[in-house]
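A.B. asks: The chain contents come next:
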Amino acid sequence: MIYTLQEIAKHINAELHGDPDCEIRNVDTLENASTGEISFLSNNRYLHFLKSTKASAVILKAENLVDCPVHALVMENPYLGYANVARLLYPDTVIEPGIHVSANIHSVNIHPTVCIGPYVTVGSNTKIAANVYIGPGCIIGNDITIGEDTRLIANVVLCHGVEIGKRGILHPGVVIGADGFGIANDNGKWLKIPQIGSVKIGNDVEIGANTTVDRGALGNTIIDDGVKIDNQVQIGHNVYIGEHTAIAGCVGIAGSTKIGKRCMIGGAAGISGHIEIVDDVIIMAMTGVANSIKKPGVYASGVPAMDAKTWRKNIATYKHLYALNSRVIKLEKKSK
Amino acid sequence: MIYTLQEIAKHINAELHGDPDCEIRNVDTLENASTGEISFLSNNRYLHFLKSTKASAVILKAENLVDCPVHALVMENPYLGYANVARLLYPDTVIEPGIHVSANIHSVNIHPTVCIGPYVTVGSNTKIAANVYIGPGCIIGNDITIGEDTRLIANVVLCHGVEIGKRGILHPGVVIGADGFGIANDNGKWLKIPQIGSVKIGNDVEIGANTTVDRGALGNTIIDDGVKIDNQVQIGHNVYIGEHTAIAGCVGIAGSTKIGKRCMIGGAAGISGHIEIVDDVIIMAMTGVANSIKKPGVYASGVPAMDAKTWRKNIATYKHLYALNSRVIKLEKKSK
Amino acid sequence: MIYTLQEIAKHINAELHGDPDCEIRNVDTLENASTGEISFLSNNRYLHFLKSTKASAVILKAENLVDCPVHALVMENPYLGYANVARLLYPDTVIEPGIHVSANIHSVNIHPTVCIGPYVTVGSNTKIAANVYIGPGCIIGNDITIGEDTRLIANVVLCHGVEIGKRGILHPGVVIGADGFGIANDNGKWLKIPQIGSVKIGNDVEIGANTTVDRGALGNTIIDDGVKIDNQVQIGHNVYIGEHTAIAGCVGIAGSTKIGKRCMIGGAAGISGHIEIVDDVIIMAMTGVANSIKKPGVYASGVPAMDAKTWRKNIATYKHLYALNSRVIKLEKKSK
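Residue numbers (the numbering used here), protein chains in the order written: chain A, 447 to 782; chain B, 447 to 782; chain C, 447 to 782.
Wrong hints could be hidden among the right ones.
Just a few of them, taken from the derived set where beta-carbon distance is under 8 angstroms, the chain A residues facing chain B [unchecked claim]:
#1 Y565
#2 I585
#3 N601
#4 S718
#5 E722
#6 G734
#7 V735
#8 N737
#9 G743
#10 S747
Read the hints as simulated data drawn from the structure, not as lab findings.
Quantities reported herein were computed from a predicted structural model and do not represent experimental measurements.
The beta carbon of each residue, even a glycine, is placed where N, CA and C say it ideally should be.
Generate the whole structure from the sequences, applying the supplied hints.
C.D. replies: Printed below as a string of structure tokens:
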């Protein structure tokens with residue numbers, strides 16, 4: 447596909463500086479782009495690449511226009527502009543309807559526009575809406591609902607009773623609705639507690655490769671509309687995640703925790719069970735959240751890397767940190 | 447299924463306060479339960495829901511009886527009572543024997559009561575005992591033994607030589623017996639070391655979705671009876687885990703480490719290789735265990751979240767923590 | 447297979463002390479080895495097992511020869527010796543060419559020596575070189591290249607366009623080339639950014655079970671020759687990993703980060719996006735790397751476990767660490 451710069455400027459709502467008829471067929475980084483390609487500058491870390499870029503055009507903020515050697519599209523949020531250009535140039539592939547001959551289907555409630563790949567299992571009483579794509583090796587249990595235009599890429603497992611909304615994307619290896627970690631101690635032995643809830647996932651939810659979302663123990667685990675989850679995230683039973691929250695890779699969220707709307711949770715953060723995080727909270731990478739967070743804002747607890755020598759000395763002090771505090775208190779009393 | 451309160455009281459060994467003939471058909475939370483349902487109070491965090499509960503009956507401790515507006519079953523451990531009620535009302539589904547026509551079976555040692563789903567591979571010289579369930583897409587290698595009543599839900603991979611005991615549950619995406627991370631450095635390049643051990647898993651072991659347990663380098667990785675493991679846990683080669691230890695999600699345990707009986711390991715904890723942890727150790731979430739633990743007790747090292755401003759200032763001090771200690775030592779000398 | 451000690455000494459380039467005709471058929475640990483088996487001592491933690499070993503021979507350093515009660519093979523790096531003995535005694539199994547009748551193949555470019563197992567999907571325009579093994583349940587998309595002698599054990603997913611070099615090993619549940627976590631915020635909602643790059647993996651790369659490597663947003667995610675990656679590692683879009691770097695389990699590496707050659711990254715470390723780590727860096731387990739590392743060396747930030755009482759007191763001080771520093775500054779001024 448080829449678009450003129452004018453068409454692109456209009457599509458992404460940017461101000462055009464340069465040749466409106468310049469033809470664009472691809473998007474690439476400032477460093478790698480060449481003639482016929484558009485790029486963007488949204489992180490000043492990459493500003494040095496702007497001056498020497500071979501792109502035909504660059505999407506950038508007004509403040510960077512002065513450094514741009516080529517055509518420019520100016521807007522407040524160039525990253526959003528890049529997203530919209532990429533979506534224009536690389537639209538979703540069209541689903542070809544049909545059920546692969548090797549698939550093993552036990553439900554009659556599958557829309558004729560649905561595409562089901564090889565070695566897929568679909569259980570009984572499961573409803574699959576229009577334009578759904580179910581890639582190779584997916585295992586869809588009984589009593590499941592999948593909304594329009596949702597795509598399960600490959601080897602996705604949906605356990606019985608799970609509901610997925612419209613326009614969802616579930617990447618390979620995702621497991622939705624496996625039993626939560628429910629065990630009760632009976633004289634030193636663990637007794638499994640049946641997990642009788644399920645999982646409800648809203649519309650426009652994307653879930654990354656090998657991420658797991660457990661079914662509720664009682665009641666459902668709920669992931670609301672517009673939530674975006676990266677790879678290898680673990681979401682425990684009866685967790686609630688509010689609309690448009692984004693969760694980076696390797697995060698773990700323990701059971702029965704409620705997370706608000708529009709939160710951003712950084713990579714490898716860990717969130718305890720049975721707590722509540724309000725709307726609009728940002729949690730930085732590798733942070734441990736042990737208690738409820740009641741005010742919007744940015745939170746962190748990660749400790750950044752040091753050279754190992756310094757680290758060892760600091761740890762030695764850290765092990766007696768409260769004692770250090772006591773010693774300072776003693777000095778303070780003396781010095782009065 | 448419907449049970450009277452008297453039947454339930456007897457089953458879970460609780461003291462009945464209220465109508466023995468009250469009929470119970472379901473279990474639910476204090477907040478959501480309605481007529482015909484039983485609930486429980488085991489965490490005082492939820493005490494405020496007790497007073498307004500619409501449940502027909504509640505399992506609770508004697509001390510909470512005064513606040514209970516409905517029939518009550520009193521016992522020391524209401525959570526165990528809940529577990530037993532849930533198990534009574536939601537017994538395991540019965541396995542229907544049979545091998546799906548699409549399965550690819552190379553072994554003759556499969557008990558006639560076994561259920562094998564679509565697209566399952568079973569290698570040669572593999573023994574599968576009575577009432578085992580092997581769900582869709584599971585891949586069972588050669589020379590494997592699976593004990594009675596064990597269930598592999600879906601897409602579980604068992605590599606050659608693995609042994610699984612009775613009544614186990616392996617959730618989707620579990621991989622048992624993949625090669626451990628064994629590499630030797632040969633002049634700057636890594637040489638793979640054949641992993642010639644295997645994995646032995648005892649009876650009554652549950653393993654969560656996408657968890658991995660590596661085969662031994664030499665000798666076996668061993669998971670003893672009654673161990674419960676949550677999702678996305680990584681267990682390295684030649685690890686030993688003692689009876690009735692419970693491991694929460696996202697934990698990593700490095701190679702050749704030995705963990706005792708009845709330990710509880712919190713979410714996202716990391717345990718180094720070649721160390722030993724005695725019986726009855728509790729490790730809190732996000733703790734790093736670098737050295738052997740020789741005494742039972744509770745251990746932790748996680749740093750709880752702070753608002754980012756405070757965090758930044760604390761980190762700035764932390765980077766020079768040993769220097770702070772030295773400065774205090776100097777002050778102490780002066781003040782003598 | 448049986449080898450004489452002389453043959454083994456020659457093969458691993460060690461100095462023989464003892465009977466050259468002693469026959470060796472297996473390798474095992476010092477603790478478990480018996481007659482006909484060879485063992486090794488590379489970690490002094492296990493020195494106490496040397497004196498009572500029942501092995502027929504032990505590979506060790508010259509300094510430990512005095513404590514060895516049996517035949518010995520002396521060399522600088524006994525662990526490398528062990529690796530080479532294990533490789534001699536346990537060579538790779540030979541691949542039997544053939545495509546399983548249940549496989550679903552859409553490409554003509556598959557070498558006749560390739561082995562493809564049951565329920566495998568291979569997309570169109572995909573090239574699979576000589577002696578490649580593709581185990582049960584693997585899903586290979588369109589436009590993929592797999593080099594000679596590479597092995598995909600089971601349930602591996604390669605998304606469209608991915609390139610894998612020669613002699614690679616991909617363990618069960620690996621997902622290569624799923625979409626990176628690319629989202630742009632549009633007035634509080636997240637807009638998915640098409641991930642139009644791919645993944646290029648060099649020669650001699652091993653990737654552990656359930657590890658995920660995302661495709662590039664623009665340009666490729668690149669894993670260079672000889673890189674070894676353990677289980678459950680997450681590698682974000684456009685990451686570059688240099689030759690012969692080793693990455694232990696549960697590590698997360700965020701997008702666009704560049705890691706040098708011969709680095710060693712400990713378990714559960716987390717590495718931020720858009721940073722650069724030079725060659726020959728060692729990062730200890732559970733370390734958080736938020737900024738670029740410009741000098742080779744060892745880096746750490748993990749906090750080791752303490753008993754919970756001490757931990758609670760230290761955390762209480764830590765929350766006000768900068769204030770403690772200010773108090774010491776005040777004392778220092780006073781004491782001048």
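A.B. asks: Now, for every hint given, state plainly whether the structure supports it.
C.D. replies: For each hint, the structure was consulted:
For Y565 of chain A, the shortest C-beta to C-beta distance to chain B is roughly 5 angstroms, which falls under 8 angstroms, so the interface hint holds. The interface hint given for I585 of chain A holds, since its Cβ lies 5 angstroms from the closest Cβ of chain B, which is under the 8 angstroms cut-off. Restraint check, N601 of chain A versus chain B: the minimum CB separation of about 6 angstroms is within 8 angstroms; hint holds. Here the hint on S718 of chain A is kept, as its CB sits about 6 angstroms from the closest CB of chain B, short of 8 angstroms.
Proximity of E722 of chain A to chain B is violated relative to the hint, the smallest CB-CB distance being about 11 angstroms (cut-off 8 angstroms). At a threshold of 8 angstroms, the smallest CB-CB gap from G734 of chain A to chain B is about 4 angstroms, leaving the interface hint in force. The closest approach between the C-beta of V735 of chain A and any C-beta of chain B is roughly 5 angstroms, which is under the 8 angstroms cut-off, so the hint is satisfied. Hint on N737 of chain A holds. Least Cβ distance to chain B is approximately 7 angstroms, under the 8 angstroms limit.
Below 8 angstroms, beta-carbon pairs count as interface contacts, and G743 of chain A has one with chain B at about 6 angstroms; its hint therefore holds. Interface hint status for S747 of chain A: upheld, as the beta-carbon distance to the closest one in chain B is roughly 4 angstroms, under 8 angstroms.
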